[in-house]
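Number of protein chains: 2
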Amino acid sequence: MKKEDIVLLNHGSGGKMAHELIRNLFFRHFDNEVLTSETDSAILDVGDGQLAFTTDSYVVNPLFFPGGNIGKLAVCGTVNDLSVSGAKPEALSVSFILEEGFLLSDLEKIVISMAETAREAGVAVVTGDTKVVEHGKCDKIFINTSGVGWLSREKKKISYGTGVAPGDIIMLNGTLGDHGITVLAARESLEMSPDLQSDCAPLNGLIQHVFETGAAVKFMRDPTRGGLATVLCELAETLQNGIELEEENIPVSPVVRGACEVFGYDPLYLANEGKVVMVVAEKDADSVLTALREHPLGQEAVMIGQITENHPGKVVLRTEIGGNRIVDMLAGEQLPRIC
Amino acid sequence: MKKEDIVLLNHGSGGKMAHELIRNLFFRHFDNEVLTSETDSAILDVGDGQLAFTTDSYVVNPLFFPGGNIGKLAVCGTVNDLSVSGAKPEALSVSFILEEGFLLSDLEKIVISMAETAREAGVAVVTGDTKVVEHGKCDKIFINTSGVGWLSREKKKISYGTGVAPGDIIMLNGTLGDHGITVLAARESLEMSPDLQSDCAPLNGLIQHVFETGAAVKFMRDPTRGGLATVLCELAETLQNGIELEEENIPVSPVVRGACEVFGYDPLYLANEGKVVMVVAEKDADSVLTALREHPLGQEAVMIGQITENHPGKVVLRTEIGGNRIVDMLAGEQLPRIC
Chain D
164 MKKEDIVLLN HGSGGKMAHE LIRNLFFRHF DNEVLTSETD SAILDVGDGQ LAFTTDSYVV
224 NPLFFPGGNI GKLAVCGTVN DLSVSGAKPE ALSVSFILEE GFLLSDLEKI VISMAETARE
284 AGVAVVTGDT KVVEHGKCDK IFINTSGVGW LSREKKKISY GTGVAPGDII MLNGTLGDHG
344 ITVLAARESL EMSPDLQSDC APLNGLIQHV FETGAAVKFM RDPTRGGLAT VLCELAETLQ
404 NGIELEEENI PVSPVVRGAC EVFGYDPLYL ANEGKVVMVV AEKDADSVLT ALREHPLGQE
464 AVMIGQITEN HPGKVVLRTE IGGNRIVDML AGEQLPRIC
Chain F
164 MKKEDIVLLN HGSGGKMAHE LIRNLFFRHF DNEVLTSETD SAILDVGDGQ LAFTTDSYVV
224 NPLFFPGGNI GKLAVCGTVN DLSVSGAKPE ALSVSFILEE GFLLSDLEKI VISMAETARE
284 AGVAVVTGDT KVVEHGKCDK IFINTSGVGW LSREKKKISY GTGVAPGDII MLNGTLGDHG
344 ITVLAARESL EMSPDLQSDC APLNGLIQHV FETGAAVKFM RDPTRGGLAT VLCELAETLQ
404 NGIELEEENI PVSPVVRGAC EVFGYDPLYL ANEGKVVMVV AEKDADSVLT ALREHPLGQE
464 AVMIGQITEN HPGKVVLRTE IGGNRIVDML AGEQLPRIC
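Line by line, the protein sequences give chains D and F. Read the first sequence against our numbering and you will find it ends at 502, with the numbers running on by one and no gaps. Read the second sequence against our numbering and you will find it ends at 502, with the numbers running on by one and no gaps.
The hints are simulated quantities; they were obtained by calculation from the structure and are not laboratory data. Just so we're clear, the structure is a prediction, and the values are computed from it rather than from any experiment. It is possible that part of the hints are untrue.
When chains are identical, the list treats them as one kind, so a pair holds in a single copy or across two.
Listed next, the in silico DSSO-like pairs over lysine-lysine satisfying Cα-Cα at most 30 Å (straight line) [stated by the list, open to error]: (1) Lys-179 x Lys-165; (2) Lys-272 x Lys-166; (3) Lys-477 x Lys-319; (4) Lys-272 x Lys-165; (5) Lys-272 x Lys-303; (6) Lys-251 x Lys-320; (7) Lys-320 x Lys-166; (8) Lys-165 x Lys-477; (9) Lys-319 x Lys-272; (10) Lys-272 x Lys-179; (11) Lys-446 x Lys-320; (12) Lys-166 x Lys-303; (13) Lys-179 x Lys-303; (14) Lys-251 x Lys-319; (15) Lys-319 x Lys-446; (16) Lys-251 x Lys-272.
Between the sequences and the hints, there should be enough to build the whole structure, so can you do that?
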């Protein structure tokens, strides 16, 4: 069997191979404008507003890790995909694929965690499905959550980033890579600092708090698989503007920085599950930053960069030692099963 | 490990154990009215109408079978869950969990089939997700489809069956068990009649054609996992009316009947993927039957029974030899991974 004929782990990574699969296979056959706009949630017209609609399956390994578990992750991920579209998450579906022999007590722990997270986010689990496969035919439990949320007409363009212009400021609500390194450490049973835990959290409250400032958020995305680099590379490509990042402003905790040095990961590509990238006009940047920092999930919020006319379509990192480095979408190996 | 502590194949069967898991675990923790109303799709208020929202994961084995494949099934299943709620299916999400090493050519066949079925049903695939797990950690491919559809206010009660009353007629659009026996035969490589194939089809066109008669459909459900028996047992329990079925009117093809005799299955419990159970007022029964039979997917439509005041909460089958048999929800083994 040739490598180019089969599915590889990297097809699920959020990097270049995943993009190729999406464009060459899924977009080609399922061709329609809503899908190919590549927003985090699909945006559908309904009455006076829009419906945001999104789906994700979760296959994270291990199931339980500091700061969360597969169930909490599944609720946060879908709530966040709706929220970064500017939508108010309203309802979730939950679909389980269970391996015969999986402990019901573990299933209950996961379900309780999902229910708690859904309550925290103010969304209801309104429909579901359960399938069971024979022992050995799946890895304990996989969860799909899909979600719907309402979106006012004026927030529709957040998903598309069509209002973004040179000069706009890029903000981030906290440190990068906590989820990725936490899952890696839990999987490999590495001894890490007890401070290290997944950032897994529903972001709708934080985003709502920013909306209440009245500032126009021009673009949002949650940097999950593929990390901040992937979000910004996609944005630069879509806008055909440049993006300049200041490396010294990008927050990474010491333990994540240390783990990245040891294992050869770049925090820009690591998965996050409680982070949002926001783009706002320069005039709104201070008030948005203040609002972000007022919220428990945004205390470490920072401005990390700016949209530029220079180097259209490219993301450039101004390094701490004074150089410039092009940030590309990751082509090589990423951490599999991180979400 | 005790049997009562672990997930068993029957937890995914649509029978009694599945119901217990849903009620004792999922309903307890995700408690809300929309969920616990146990409609096929969740019904959410939006503007002047309602949104129907549903999800299903597909783990069918084998992936390809006469009349369909996992992809066609995944589109039909979710289109049908929306359609039997009285909704017009509008958009689907598709989420793949792929095993490392799965043939991209098989994935493409599946995707093409999904796209064709979606076009036939007039719905768009608007959002998606792809995860890949290591070889041996899932069985080739699992697919989740979720869907949304619009529902006019007057059709809301179809899902709940609240308009159903004694005297109403129960209709079925064709033979029972074709999907179940087809998948079983394909899995076990049994030589069966070339006529046998899955009934897998999107039902929204058929249902729309019935709506166009102006007849008020009082209840609909697609008898998938758990079969006709499960649908009617749930309905009788909800209504606290009785249901009487005429065994001689229930259509089963000779090849399915033969297979059931050989393998000890009851067609009432076998899965269907292109069938709908409809309840209509006696005065509308003839016009609905005519409409059903005018459509390619309803040519063998029949009236199979009636809602009664007798034996409330129970389904009674009048057998061909003149006896009465209580039809219960299946407690024992069912065919796993049928959808």
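Checking against the hints above, which ones are violated? 7, 8, 9
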